[in-house]
Amino acid sequence: MTLPEATLLGLIQGLAEWLPVSSEGVVTAVYSLVFGADLPDAVNFSLWLHLGTALSALAAFRSDVWDVLRDIAGRPTSPSPVTAYLILATLSSAPIGFLLLIGLFEFSDILGAIAMAAVGLLMLITGAVLIKSKSSGTRTRDDVSWPDAILTGIAQGLAALPGLSRSGLTVSALLWRGLDRREALTLSFILSIPASAGAGIYAAVSAGYYASPEAAVALAVSALTGFATIKALMSVARRLNFGWFVLVLGAGIIAGAILMW
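One rule links them: number in the numbering used here = place in the sequence shown (from 1) + 283.
Simulated from the structure, these hints should not be mistaken for lab results. Warning: the hint list may mix true and false statements.
Once the Cα atoms are required to be at most 20 Å apart in a straight line, the calculated SDA-like pairs of lysine to any residue come out as [what the hints assert, rightly or not]:
1. K514 with F344
2. K514 with A342
3. K514 with L302
4. K514 with R345
5. K514 with L294
6. K514 with V304
Now the in silico label distances, taken between C-beta atoms and shown as ranges [stated by the list, open to error]:
7. P378 with W349: 25 to 35 Å
8. A312 with T421: 37 to 47 Å
9. L322 with P364: 33 to 43 Å
10. V519 with G491: 34 to 44 Å
Since the structure is predicted, the reported quantities are computational estimates derived from the model, not experimental observations. Cβ atoms here follow ideal geometry from the backbone N, Cα and C, with glycine treated the same way.
Can you make the complete structure from the sequences, with help from the hints?
Next comes the structure, spelled out in C-alpha coordinates:
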(Lines of atoms letter the chains of each structure in order from A and count residues from 1; the text may use other names and numbers.)
(Lines give C-alpha, C1' and ligand atoms only; values in the text may rest on other atoms or scores of the structure.)
Protein backbone atom coordinates (compact mmCIF):
# COMPACT_ATOMS: atom_id res chain seq x y z
CA MET A 1 0.00 0.00 0.00
CA THR A 2 1.25 3.48 -0.90
CA LEU A 3 0.68 6.66 1.11
CA PRO A 4 -1.77 8.09 -1.48
CA GLU A 5 -3.78 4.85 -1.34
CA ALA A 6 -3.77 4.95 2.46
CA THR A 7 -4.90 8.57 2.44
CA LEU A 8 -7.76 7.87 0.04
CA LEU A 9 -9.00 4.87 2.04
CA GLY A 10 -8.89 6.88 5.26
CA LEU A 11 -10.83 9.67 3.59
CA ILE A 12 -13.49 7.25 2.37
CA GLN A 13 -13.89 5.71 5.83
CA GLY A 14 -14.16 9.10 7.53
CA LEU A 15 -16.92 10.18 5.18
CA ALA A 16 -18.84 6.92 4.74
CA GLU A 17 -18.97 5.83 8.39
CA TRP A 18 -21.45 8.56 9.31
CA LEU A 19 -23.51 8.49 6.11
CA PRO A 20 -26.27 5.99 5.17
CA VAL A 21 -23.85 3.70 3.34
CA SER A 22 -21.80 0.73 4.50
CA SER A 23 -18.32 2.16 5.11
CA GLU A 24 -16.90 -1.35 5.48
CA GLY A 25 -18.37 -2.32 2.11
CA VAL A 26 -17.08 0.78 0.32
CA VAL A 27 -13.55 0.60 1.76
CA THR A 28 -13.34 -3.14 1.08
CA ALA A 29 -14.54 -2.68 -2.50
CA VAL A 30 -12.09 0.13 -3.28
CA TYR A 31 -9.11 -1.59 -1.67
CA SER A 32 -9.78 -4.93 -3.37
CA LEU A 33 -11.20 -3.92 -6.76
CA VAL A 34 -9.25 -0.70 -7.40
CA PHE A 35 -5.97 -1.31 -5.56
CA GLY A 36 -5.86 -5.09 -6.05
CA ALA A 37 -5.73 -6.23 -2.42
CA ASP A 38 -6.87 -9.72 -1.43
CA LEU A 39 -10.41 -9.70 -0.07
CA PRO A 40 -9.45 -10.84 3.49
CA ASP A 41 -6.80 -8.10 3.66
CA ALA A 42 -9.29 -5.52 2.42
CA VAL A 43 -11.86 -6.53 5.04
CA ASN A 44 -9.26 -6.42 7.82
CA PHE A 45 -8.09 -2.99 6.73
CA SER A 46 -11.63 -1.65 6.69
CA LEU A 47 -12.03 -2.90 10.27
CA TRP A 48 -8.75 -1.21 11.23
CA LEU A 49 -10.04 2.14 9.93
CA HIS A 50 -13.07 1.84 12.22
CA LEU A 51 -10.69 2.61 15.08
CA GLY A 52 -10.07 6.00 13.46
CA THR A 53 -13.75 6.87 13.24
CA ALA A 54 -14.25 5.61 16.81
CA LEU A 55 -11.61 8.16 17.86
CA SER A 56 -13.41 10.87 15.88
CA ALA A 57 -16.70 10.10 17.65
CA LEU A 58 -14.89 10.04 20.99
CA ALA A 59 -13.42 13.49 20.29
CA ALA A 60 -16.68 14.96 18.99
CA PHE A 61 -18.74 13.70 21.95
CA ARG A 62 -16.04 13.68 24.63
CA SER A 63 -18.16 15.54 27.18
CA ASP A 64 -21.07 13.11 26.70
CA VAL A 65 -18.75 10.10 26.99
CA TRP A 66 -17.18 11.57 30.13
CA ASP A 67 -20.65 12.02 31.66
CA VAL A 68 -21.44 8.36 30.94
CA LEU A 69 -18.18 7.16 32.51
CA ARG A 70 -18.75 9.29 35.61
CA ASP A 71 -22.29 7.98 35.84
CA ILE A 72 -21.13 4.35 35.68
CA ALA A 73 -18.49 4.97 38.34
CA GLY A 74 -20.71 7.05 40.60
CA ARG A 75 -23.96 5.09 40.57
CA PRO A 76 -23.53 1.71 38.87
CA THR A 77 -26.82 0.36 40.23
CA SER A 78 -28.97 3.33 39.16
CA PRO A 79 -27.55 4.78 35.94
CA SER A 80 -29.05 7.68 34.02
CA PRO A 81 -31.38 6.94 31.08
CA VAL A 82 -28.57 7.60 28.57
CA THR A 83 -26.09 5.33 30.34
CA ALA A 84 -28.66 2.55 30.70
CA TYR A 85 -29.59 2.95 27.03
CA LEU A 86 -25.98 2.68 25.83
CA ILE A 87 -25.25 -0.38 27.98
CA LEU A 88 -28.44 -2.23 27.01
CA ALA A 89 -28.13 -1.36 23.31
CA THR A 90 -24.53 -2.57 23.24
CA LEU A 91 -25.42 -5.81 25.01
CA SER A 92 -28.38 -6.34 22.65
CA SER A 93 -26.31 -5.83 19.51
CA ALA A 94 -23.32 -8.02 20.43
CA PRO A 95 -24.93 -11.50 20.20
CA ILE A 96 -26.90 -10.60 17.05
CA GLY A 97 -23.83 -9.28 15.28
CA PHE A 98 -21.74 -12.26 16.37
CA LEU A 99 -24.30 -14.82 15.23
CA LEU A 100 -24.76 -13.09 11.89
CA LEU A 101 -21.01 -12.98 11.31
CA ILE A 102 -20.79 -16.69 12.06
CA GLY A 103 -23.88 -17.40 9.96
CA LEU A 104 -22.48 -15.59 6.95
CA PHE A 105 -20.20 -18.56 6.43
CA GLU A 106 -23.01 -21.09 6.86
CA PHE A 107 -26.10 -19.56 5.26
CA SER A 108 -26.70 -19.19 1.57
CA ASP A 109 -26.65 -15.91 -0.31
CA ILE A 110 -30.39 -16.27 -0.85
CA LEU A 111 -31.13 -16.21 2.89
CA GLY A 112 -28.88 -13.19 3.29
CA ALA A 113 -30.67 -11.45 0.42
CA ILE A 114 -34.08 -12.20 1.97
CA ALA A 115 -32.96 -10.74 5.31
CA MET A 116 -31.63 -7.61 3.61
CA ALA A 117 -34.82 -7.19 1.56
CA ALA A 118 -36.95 -7.43 4.72
CA VAL A 119 -34.84 -4.76 6.41
CA GLY A 120 -35.06 -2.56 3.31
CA LEU A 121 -38.85 -2.88 3.20
CA LEU A 122 -39.12 -1.81 6.84
CA MET A 123 -36.88 1.16 6.06
CA LEU A 124 -39.13 2.20 3.17
CA ILE A 125 -42.17 2.12 5.45
CA THR A 126 -40.35 4.11 8.13
CA GLY A 127 -39.18 6.68 5.59
CA ALA A 128 -42.68 7.15 4.20
CA VAL A 129 -44.08 7.67 7.71
CA LEU A 130 -41.38 10.23 8.53
CA ILE A 131 -41.94 12.14 5.28
CA LYS A 132 -45.70 12.26 5.86
CA SER A 133 -45.24 13.50 9.42
CA LYS A 134 -45.60 17.27 9.74
CA SER A 135 -42.99 17.55 12.49
CA SER A 136 -39.92 15.70 13.62
CA GLY A 137 -39.70 13.77 16.85
CA THR A 138 -39.47 15.72 20.07
CA ARG A 139 -38.10 13.13 22.48
CA THR A 140 -34.65 13.77 23.94
CA ARG A 141 -31.90 11.53 25.25
CA ASP A 142 -33.32 11.92 28.75
CA ASP A 143 -36.49 10.17 27.55
CA VAL A 144 -34.87 7.02 26.16
CA SER A 145 -36.16 3.73 27.53
CA TRP A 146 -35.36 0.04 27.33
CA PRO A 147 -37.48 -0.53 24.17
CA ASP A 148 -35.41 2.17 22.45
CA ALA A 149 -32.20 0.46 23.53
CA ILE A 150 -33.25 -3.02 22.41
CA LEU A 151 -34.52 -1.80 19.03
CA THR A 152 -31.34 0.18 18.38
CA GLY A 153 -29.21 -2.74 19.54
CA ILE A 154 -30.98 -5.05 17.10
CA ALA A 155 -30.43 -2.49 14.33
CA GLN A 156 -26.72 -2.26 15.12
CA GLY A 157 -26.42 -6.05 15.22
CA LEU A 158 -28.11 -6.37 11.82
CA ALA A 159 -25.41 -4.13 10.35
CA ALA A 160 -23.14 -7.19 10.41
CA LEU A 161 -24.94 -8.20 7.20
CA PRO A 162 -22.95 -7.10 4.14
CA GLY A 163 -24.06 -3.77 2.69
CA LEU A 164 -26.08 -2.56 5.68
CA SER A 165 -25.16 0.82 7.19
CA ARG A 166 -24.77 0.80 10.98
CA SER A 167 -25.38 4.52 11.36
CA GLY A 168 -28.26 4.44 8.87
CA LEU A 169 -30.07 1.62 10.68
CA THR A 170 -29.57 2.95 14.21
CA VAL A 171 -30.52 6.54 13.34
CA SER A 172 -33.62 5.26 11.53
CA ALA A 173 -34.63 3.17 14.55
CA LEU A 174 -34.33 6.17 16.87
CA LEU A 175 -36.25 8.44 14.49
CA TRP A 176 -39.01 5.82 14.27
CA ARG A 177 -39.16 5.89 18.08
CA GLY A 178 -39.81 9.65 17.96
CA LEU A 179 -36.45 11.08 18.95
CA ASP A 180 -35.34 14.52 17.85
CA ARG A 181 -33.09 14.35 14.78
CA ARG A 182 -30.01 15.77 16.48
CA GLU A 183 -30.50 13.54 19.51
CA ALA A 184 -30.86 10.48 17.25
CA LEU A 185 -27.54 11.24 15.57
CA THR A 186 -25.82 11.84 18.90
CA LEU A 187 -26.97 8.57 20.46
CA SER A 188 -26.19 6.59 17.30
CA PHE A 189 -22.68 8.00 17.01
CA ILE A 190 -21.83 7.47 20.69
CA LEU A 191 -23.20 3.92 20.50
CA SER A 192 -20.76 3.19 17.67
CA ILE A 193 -17.64 3.83 19.76
CA PRO A 194 -17.29 0.46 21.59
CA ALA A 195 -18.10 -1.67 18.52
CA SER A 196 -15.89 0.33 16.15
CA ALA A 197 -12.99 0.49 18.60
CA GLY A 198 -13.22 -3.25 19.22
CA ALA A 199 -13.18 -4.00 15.49
CA GLY A 200 -10.18 -1.75 14.96
CA ILE A 201 -8.18 -3.21 17.84
CA TYR A 202 -8.91 -6.73 16.61
CA ALA A 203 -7.59 -5.83 13.15
CA ALA A 204 -4.54 -4.11 14.62
CA VAL A 205 -3.57 -7.22 16.57
CA SER A 206 -4.49 -9.83 13.96
CA ALA A 207 -2.96 -8.06 10.95
CA GLY A 208 -0.21 -6.03 12.65
CA TYR A 209 -1.36 -2.66 11.33
CA TYR A 210 0.00 -0.91 14.44
CA ALA A 211 3.52 -1.31 12.97
CA SER A 212 2.69 0.06 9.50
CA PRO A 213 3.32 3.77 8.70
CA GLU A 214 0.80 3.62 5.85
CA ALA A 215 -1.85 2.14 8.13
CA ALA A 216 -1.14 4.87 10.68
CA VAL A 217 -1.63 7.56 8.02
CA ALA A 218 -4.92 6.00 6.92
CA LEU A 219 -6.07 5.84 10.54
CA ALA A 220 -5.22 9.50 11.15
CA VAL A 221 -6.99 10.61 7.97
CA SER A 222 -10.10 8.60 8.86
CA ALA A 223 -10.17 10.16 12.34
CA LEU A 224 -9.78 13.74 11.09
CA THR A 225 -12.25 13.31 8.23
CA GLY A 226 -14.70 11.53 10.51
CA PHE A 227 -14.56 14.37 13.04
CA ALA A 228 -15.27 16.97 10.33
CA THR A 229 -18.13 14.87 8.93
CA ILE A 230 -19.75 14.51 12.36
CA LYS A 231 -19.56 18.26 12.98
CA ALA A 232 -21.09 19.00 9.57
CA LEU A 233 -23.96 16.55 10.08
CA MET A 234 -24.73 17.81 13.58
CA SER A 235 -24.86 21.41 12.37
CA VAL A 236 -27.60 20.68 9.82
CA ALA A 237 -29.41 17.83 11.59
CA ARG A 238 -32.54 19.76 12.51
CA ARG A 239 -32.87 21.28 9.03
CA LEU A 240 -32.86 17.94 7.22
CA ASN A 241 -35.89 15.81 6.41
CA PHE A 242 -34.63 12.45 7.59
CA GLY A 243 -37.57 10.70 5.97
CA TRP A 244 -35.85 10.97 2.59
CA PHE A 245 -32.61 9.82 4.21
CA VAL A 246 -34.33 6.65 5.45
CA LEU A 247 -36.24 6.14 2.19
CA VAL A 248 -33.08 6.26 0.06
CA LEU A 249 -31.32 3.93 2.47
CA GLY A 250 -34.17 1.41 2.26
CA ALA A 251 -34.17 1.52 -1.53
CA GLY A 252 -30.41 0.98 -1.58
CA ILE A 253 -30.67 -2.02 0.73
CA ILE A 254 -33.35 -3.63 -1.44
CA ALA A 255 -31.23 -3.00 -4.54
CA GLY A 256 -28.30 -4.70 -2.83
CA ALA A 257 -30.52 -7.65 -1.90
CA ILE A 258 -31.63 -8.03 -5.52
CA LEU A 259 -28.01 -8.07 -6.68
CA MET A 260 -27.22 -10.79 -4.12
CA TRP A 261 -30.11 -13.00 -5.27
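How the hints compare with the structure:
| no. | hint | in the structure |
| --- | --- | --- |
| 1 | K514 with F344 | holds (10 Å) |
| 2 | K514 with A342 | holds (11 Å) |
| 3 | K514 with L302 | holds (13 Å) |
| 4 | K514 with R345 | holds (13 Å) |
| 5 | K514 with L294 | holds (15 Å) |
| 6 | K514 with V304 | holds (18 Å) |
| 7 | P378 with W349: 25 to 35 Å | holds (28 Å) |
| 8 | A312 with T421: 37 to 47 Å | holds (39 Å) |
| 9 | L322 with P364: 33 to 43 Å | holds (42 Å) |
| 10 | V519 with G491: 34 to 44 Å | holds (39 Å) |
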